[in-house]
Every structure is written in C-alpha cells, then in structure tokens.
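There are 2 protein chains.
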Amino acid sequence: MQRSRLLRQMDVALGKYPCDLLLRDATYLDVFSLRWITTDIAVCDGHVVAVDRGLKANQEISVKGKSIVPGFIDAHVHVESSMLVPGNFQKAVLPRGTTTAICDPHELANVQGVSGIEYFLKASEQLELDLRVMLSSCVPATDFETNGAGHLAASALTPLRRHHKALGLAEVMNVPGVLQGDTEVWDKLDAFSDGVIDGHCPLLRGSALSAYALAGISSCHESTQLDEAAEKLSKGLAVWIREGSVAKDLNVLAPLLTVASSAAVGFCTDDRNPLDIATEGHLDFLIRGAIRLGVPKEAAYRAASWSVARHYGLKRVGAIAPGYRADLVILGDAETCAVDEVIVGGKRLGDCDLPSASIDGFGNSIRAKAPAPEALQGPQGRVHVIVVRDGRILTDRLVLDSLAKGVARLSVLERYGKGSPPANAYVQGFGENFRGAIASSVGHDSHNLIVVGTDTRDMAMALECLVQSGGGYCLMQDGIEIGSLPLPLGGLMSAHDAPHVQIELAKLRMASKQMGCELKEPFLQLAFLSLPVIPTLKLTDKGLVDVDAFKLIDVRAA
Amino acid sequence: MQRSRLLRQMDVALGKYPCDLLLRDATYLDVFSLRWITTDIAVCDGHVVAVDRGLKANQEISVKGKSIVPGFIDAHVHVESSMLVPGNFQKAVLPRGTTTAICDPHELANVQGVSGIEYFLKASEQLELDLRVMLSSCVPATDFETNGAGHLAASALTPLRRHHKALGLAEVMNVPGVLQGDTEVWDKLDAFSDGVIDGHCPLLRGSALSAYALAGISSCHESTQLDEAAEKLSKGLAVWIREGSVAKDLNVLAPLLTVASSAAVGFCTDDRNPLDIATEGHLDFLIRGAIRLGVPKEAAYRAASWSVARHYGLKRVGAIAPGYRADLVILGDAETCAVDEVIVGGKRLGDCDLPSASIDGFGNSIRAKAPAPEALQGPQGRVHVIVVRDGRILTDRLVLDSLAKGVARLSVLERYGKGSPPANAYVQGFGENFRGAIASSVGHDSHNLIVVGTDTRDMAMALECLVQSGGGYCLMQDGIEIGSLPLPLGGLMSAHDAPHVQIELAKLRMASKQMGCELKEPFLQLAFLSLPVIPTLKLTDKGLVDVDAFKLIDVRAA
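From first to last, the protein sequence lines stand for chains V and R.
Quick note: the first sequence uses our numbering, first residue 832, plus one each step.
Quick note: the second sequence uses our numbering, first residue 832, plus one each step.
The set of hints was computed from the structure by calculation and includes no laboratory data.
For clarity, every value in this text was computed on a predicted model and none was experimentally measured.
Keep in mind that a hint or two might mislead.
Identical chains blur together in the list; that is why a pair holds if it fits in one copy or across any two.
Stated by the list, open to error - Straight-line C-alpha distance at most 27 angstroms; calculated DSS-like pairs for lysine-lysine:
id	residue 1	residue 2
1	LYS847	LYS1382
2	LYS1373	LYS922
3	LYS1146	LYS953
4	LYS1200	LYS1178
Let the hints inform the model, and build the full structure from the sequences given.
In structure tokens:
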C-alpha cells in the first residue's frame, strides 16, 4: 500500500506521469538551511514529490512573486478553548495557515474522562487538519479540585497510545509530584518514557528545573520571562512561545528566537478564543508578531514548522521536500505573514470538503443546582484577594478589606453532582466600576462553574442560567441577563461554527464593557482563576489555593 | 530500575546527596541555542544531572578557562576500516573526543553475513564508546561482485532490529534499485520505513534525487560538491560531511555548515585508517578543519553532536543538559579543538577500564588459491583504464595503450572459494615510477583480493602472502616481500591494538613510497578500486564495471 504509493510518486517525480498539482515558479523556504529556493513544487497523492523544474501536471498554479512556507504547526493547543469542536476548529485555523495542531484534550478529559480524549482521537481521523493528540497527564490538575473524570491513571492512558494520532504524554503540570517522586505521576512518566513528554513548569528555575528535566520532560510552554525561557532551553526543554487570548508571552520571549535557537523553539496558542483567531489570527499572528519584534523571518517560519515536527517525531511533516505531506502556505508577503492561499494534505483549501462537525454523544454535563444568593457570601473583613492582571494567567495577591473598592466576589461551584456548597473568595482587577456578575462553565482545569460579581443575586442567577443551558457564559446585571453564550458540549464547546461563536463572543465582550469590566478578555481570564497549577493564588471548588505553598488557605487573612 | 535511577539523580540535582563528579566553573556549549554558559556541571550515574551552582560532589575537577562540549558523534563509520576491532577502535577514538559512533558493519557483513553484524552488536554491549549499529542494506553492494555472505535479504535484517544498539537501515547504495522499484531493495525500505534509513547517492541530482528522497531515505555522506550537498540538504537528506583517509570532502563542503544549517549537517569519517586517527585525529580533526575553514565553532560542535543525535533519534545523547549521557569533551582551546580530557558515560577516560578486545570466533576467511603469474595478464592494446586521483574514491577513466607509461596492472581475485579466475584490468595514478605489487584483502565492498602491480610475478606472490596470512596488505618488489600487515580477522581487522597497527601501517607507507607509489594512502585507495557503487570505472572479481552505465564492460576499448 505504502510501497505502491511511493513507487507511483517516484514515477511522477521522474516525470513519467503528471503530478496532481504544480506550484510554478515557487520561491520556497528550505527549513533545513534557511535558504529561499526558486523552482517548481510538484504535489501528488497529498505529498510533495519533487522540487524541480520541468515536470508535467494536471493542475498548475503560478506562484511567481509569492513566498511558500511549510504549513504551521501549533505546538500546544487546547482545542476546547476555541469553544469549537474540531471540525469547526479546522475551518477557523486552516485559512490562517495552521495545518497541524498538537492538542491536549485536557479540558474535555477533566469533564468526562477517557471518552473526552477518545472524542478528539476519533475526530482527528476525519479532519483535513493534521490533529495530533497528546494524552492528558494531569486529570485532575491537582487534588485541590473536583472534576468529572476522577483520576486518570497511567493504566487508563496507555491503551490510547495505540491510536496513530496519539503522540505522547501531555503537559505534566504537577511539578511537586515530579520532584517528590509521586507514584501516580511517575507511573505516567514511566509509561511514556519511550515517547515524548510535554512539560508545564511556570517560573521553575535552578536545580529544581534540572531535576524536572531529568524526569524525561522535554518541553515547556509556560515561560513568561526571557531568562527563564533561556534557562529552560539550555536544560533541554524545547520552548514553545505562547500567545493565547489571555496568556501573552510573545513580546517578552521573541528575543529568544534566533537563527541559532530556531531548531529548539516553536510557537503555540494554548488557549485562544475564536474571536482572536478571527480578528488577529492563529499561528500567523504569532509569526507576524515575532518578525515585527525582530525575529529573522526564516527562523520564525522554521520554528512554526520543522522544529516542532522534529521535536515530536512527526515523520515527513513540517518541511517542503520530497515525501513530506504537502501542507503549504502561499504568502503574498513573508515579512507580514500575509496568507494568500493554503494547501493542506496536497489539496487547495478552497477545494476541500470540510464536513459539518460531529457533535454526537454529548448530554448536559452540568449536574449542579444553582445556590441561593446567601450561599455566595464570602468571609468579611481582612481577606486574601486574588489580583488579576490584563493579559496574564499568573495572578498576584494582596490582603485587603473585603469591601475595598475594586474588590469583587468570586465563587466556584462544583458541577459534577456532589452537591457541595460553593467556595467563596475575592478578586481584584475586573475594574473599579464593574457591577453585576459573569459566570462561566469554562473553569480550568476541572471546569466547575465559576462566577465573579458584585451582587450575590446576579451571581446566583448567572449560575442558574448555566445550569439550564448546559454550560457556557452568562452575564447578569440587576437581575437581567445582558448576554450569554451557550456551550452545551461538555460545558466547553459550541455546536455552532466559528463565525457564529465569534459574533456572540463579540457581543459578550461589549456587554462586559458596559458592566464596567476593564479586562479585554474577561471570559478566559475568569476561566483561569480556578487553575491551581499557575501561580500564585487561585480559587477552586474546594477553596482558596496558595499555589506557591501548594496548599489550601483560609480566605481570612491572619 | 529506570525510575529508581532517575529519582536518585533528581535528589542529587536537588542537592540532597553529592554527585559523582563535578566540573567546577565549566564554560559549556548549550547546543540548543549555541550560547556558552558558565556554571558547574554535575554528573551522577553516568548522566549529567544538573548544570547549576552549589552542588556537593564526591569528586571535583576545576575546568576554569576550558571549554566543554558534548562528546562527538561520528555519523557514519565502518569500524573495519580502522583495521581495529571495536574494543581497540574505542581506545583510538575516545581520547579524540568521539564518544558515539554510528557504524555500518558492512565490510564484515559482506565477508561473513549476519554473524558479521551480530559481532558488532555484541561488541557494542561491552564498550564505553556508545556504538550504534545501522544494519547493512547492500550485501552485496551490487550483483557485479561475489561476496562471502551471498544476498542479505530484509528477512535476515529485521530480527536484528530488536537489539537495543541497532538503529536502522544502513546506507542504501543501490540507487537504480531504489528508483526502479527493485523488490529486494524495497523489501528493506518497507521493513525499516518506521525507522531511519541512511542514503548513499554520490552525484545524484535533480528529480532523480527527489525520487530517491521520496523512498524514505534521510541522509547522505557521499556529497563531493557544494551545490550537490546543498541540493540534498534542501531535499530533506541530512548531509554528513566526510573526511576519511581517502575520501576527503571537508574543504569543499565546509561552507555548507552555517549556524542556520547546523541542525541538519553532521560529520563522519566513513573509512579512516588508524594512522590518520593517530596523526591527524578523528572527529576532532574534522571539527578543527571546519573551524579553520571559517565554520562558526558553535555550529561545528553542534553538527558534531546534537544534530546527529536528533537525526537518529538517540535519546538524551549529544547535549550537555540534565538527563543526557555524560559524554563531555574538555577543550583547552575550542578554536583548535584541542582535547584536554574526555569524560565518557560519566567516567573520566583515564579512570575507565578498557578491556582487551575480544577476537574470538574468527578463522581464516581467505578460501582462494593464488593464481599463476600468467593468469594475471590482462588484454593488450587499447584498453579502458581506471584513473585514480589522490584523496578521491571517485575515479576517472581514460582509453590508453596497456603499455603506456604510468599504467599499472590491476587484478581482483574472488576469495570465497568459488575458484574463479582473476579479473584483470588497468589503472593509472599509482605513479609513473611505481614498480612491484601491492595486494590487499580489503577490497570494498565484497573484499575479494585486489592487487595492483607492474610485474605479474610480484602480484602473484603478494596474493599468495595474503592467502597464507588470512588477509591484510602485502608489498612485493622483485620477488621480495618489502612489507606486510596481517589482518587475519575477516581479512579486515588486526588482533592488535592501534599503536601496533599504526606503526606497521607507517612502515608500509614508507615502503610503498620506495616502490615509487605516489598516492599518500595507497591501501585504502586500492581497496576502493573494487567498489562499483562509486563512479566511474571500477574492477570487481567479475570484471570491469562502468558505474555510470551500471554494467560490466570489456577491458578492450572498442
């Protein structure tokens, strides 16, 4: 099968038969040497078969004056954060040049366990996008939270490795577990020691970082400081520069990416919402930004393709060369990463039949009852307050009076049917004039219901709205719903396509501004306030977590 | 086992226990970013465990002012060409900084088949040198020759893959077989399609090169022209720059190796004799030369380590970082690659117990009878003459009179017991004043007996000497043996160690000069005159091979 395909492709390369598609007068990037080469690119059976002149073709495109680069590879993405199912996600990102995505279905896995991972593996079989699946290592992320899946052990993950789109072990967030030799963590590290293991170690430095790398972990996408990223790189962790909708590291990390380092650096979006994909872009946005910040464009395009493919051992993906999958981005201008056309798996994107996305098998995953407003009252007086900053998922912390200006209420409600009371605390940063409530069923990583607000009645009503819709976002002010976006698939994803979700999200953003919210992306930012693997202070359904000390603490300050 | 080792190493990295060895004040090359970093390097259980300050150690070395680089990796070597068994080979190359060698036991495999490959796999288990074995793909190299092993089919090779030191399929030299879909060749390509497959395609260009790359072949060490090498690189073949004892490509190819290309370029010695290893060096000689030729030293050291390790999927080899095998070269001067000390697998080379090499299991492999002098008479008159050039394994060709000045006789005698008569032809290039005979049982790749001479009696006597000694080299002049080096192990290797072989070889070189031979390295150069996969004209036991036309031709010119 493989042999007959290769022999046919060889004959095409040798000029015995016409190729399917010829890009005439292509100036393409040789990612191996970072030179631009002008020739013809011949495509057959989904692969580049030759980069030579004089071949026959069934279809030709003249690409004279354009720059051709390999399709972009997102080194680490939670597709769920696009709020789109994979079939709709590809429709949003393929036109941007992203042709491979290495996803971690960590969100859906927390909601529904192994079946959440299997959903993405199955979806990957039906996409034009080359979707690779890292198997979620930290479900739940910590013991400080309740998720829907319980603990996913090594024994649950290893059978999934057999799938041809499964790549390795996804981001290992439990840094203390790694360093202290935690059995459950090490069972997974052992099980995947012959494969690739992604890391997640924000702010980790020095000998603790050395010990973490020793464990066999070989990447990190959580660097937020340049010297931190350089240290990780030097200790053998590939650095994925992330620019999500909230976590934005490109400005700080761009100087790391040079011609010299480009083979060990990549780009990722991690969590990027569909509005940002539509308005700013996807990987193209990161590449454009990197070049604008002074990164040599050849280094940027290599980092966006070959470097990541090599790291993950993707065979014959990530370069324009004979035998490689014909994922090609035709650029009107390489300097600004202006995407004219995309060829994915040898097909012009416009000719691809991208079917409607499958949304089978989902029911309402919200099994909570909205609490009474009184139940959302936190302790009064001097309290530990989470301080959120625009565009960062790392939080700061302060001790303030619970009634201080700009301090809002924050509650997390367990949603998997345990019936626990909400955990209540405080947050600063949504704005001094913020008034009302914003609730979300997206609450990393266990995806309990999280609500920020100034009025417990609005907060309770917003939670009730989520319970009814099966999840999503809801904005309440003075007892009136002023915006909502249902995400009924696992409480994370919409059944609709990107344009629909983008419009709804744009409306929500405007509504949040009208409520006095000062954060540009309040929804994902809210969603990260419950993630206890990112410093420094977070709130889960079990209470307030001091991430640095890695323990639950009282909301009341001593 | 692995887990307990890693947990112990982590504790050492975290400072709980002392490490085995600490390199204090090390300035080492971070091959990921090509920066030099000054810190301490901590080694435990054979691995680097930390690159951090302040760790305890059982033993410390101050390396202030030195440069530390990862141990060098020879990307492609036939150990047999060193005339040393693996245990003696490591004693010759480890002090030069070569700590990993990717070998192809192609020579011994041609002589004795699968057992020749198994000999190297078994040897690899007992070495400090990290010896990896590519499984020989072309035994015999062509059908134009008789070897001792017969045809090694895919089914003979695949069981060998299970050995932990077996890496993939060695150099696929049968280019026409690849391009024409030859079943035997493609059975091997198929069997190794999930692994790494080395190439060998001298002078191949254009769409034929594209087709060759399509077959899944991912490296070539046979480039002799800069634009040829650049084209191979762009078509997805990693380029190994070779500097052997005969084939010397460094001067021409050095400009290919830049910071930009360094992740896809490496160095190899292919065939290097022990005298050159002793007098010039091994990988250190190539690195030194590359830097002298203008290659940025950081790019040279990366190409000599990480790039090759990544290409072959060697996990945690080829860099100085936590978890990597502690193969470290301490340089007095990085610019001249002056090796002060070598640490291999965490041990200082001086402390290593390098046992005497095993030479069990070999008998006399020469099963030929020396022919009578008359049998070595070639056709007279206008003949096709092989033209050999100093330092090149590619030959030229001329039509000359058999008695022309500077034309010597060349014969190849099948040595595996078939009793065939010798094949006789002519060669130019050994020198106008060359007189006598040089015979060798090293005759790539089938290792029949090859003899060059001006006098058929000397030639017959030299062959008789090889038959008696079990192989090696023999120099005869006027009926007197003026030098010989027995290589009784497969007719390829000595049982003695490097210093002994070096001295004997030096004596042979001097003797060959006294015979009027003008070639600096006549022995390996002679050995390559029977290799019909290297253009353009070669002599095997079956006759004269026109390599370009890939057919046997008459010695008499039309």
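**OP:** May I ask which of the numbered hints given earlier this structure violates, with the numbers listed in increasing order?
**Re:** 2 and 4
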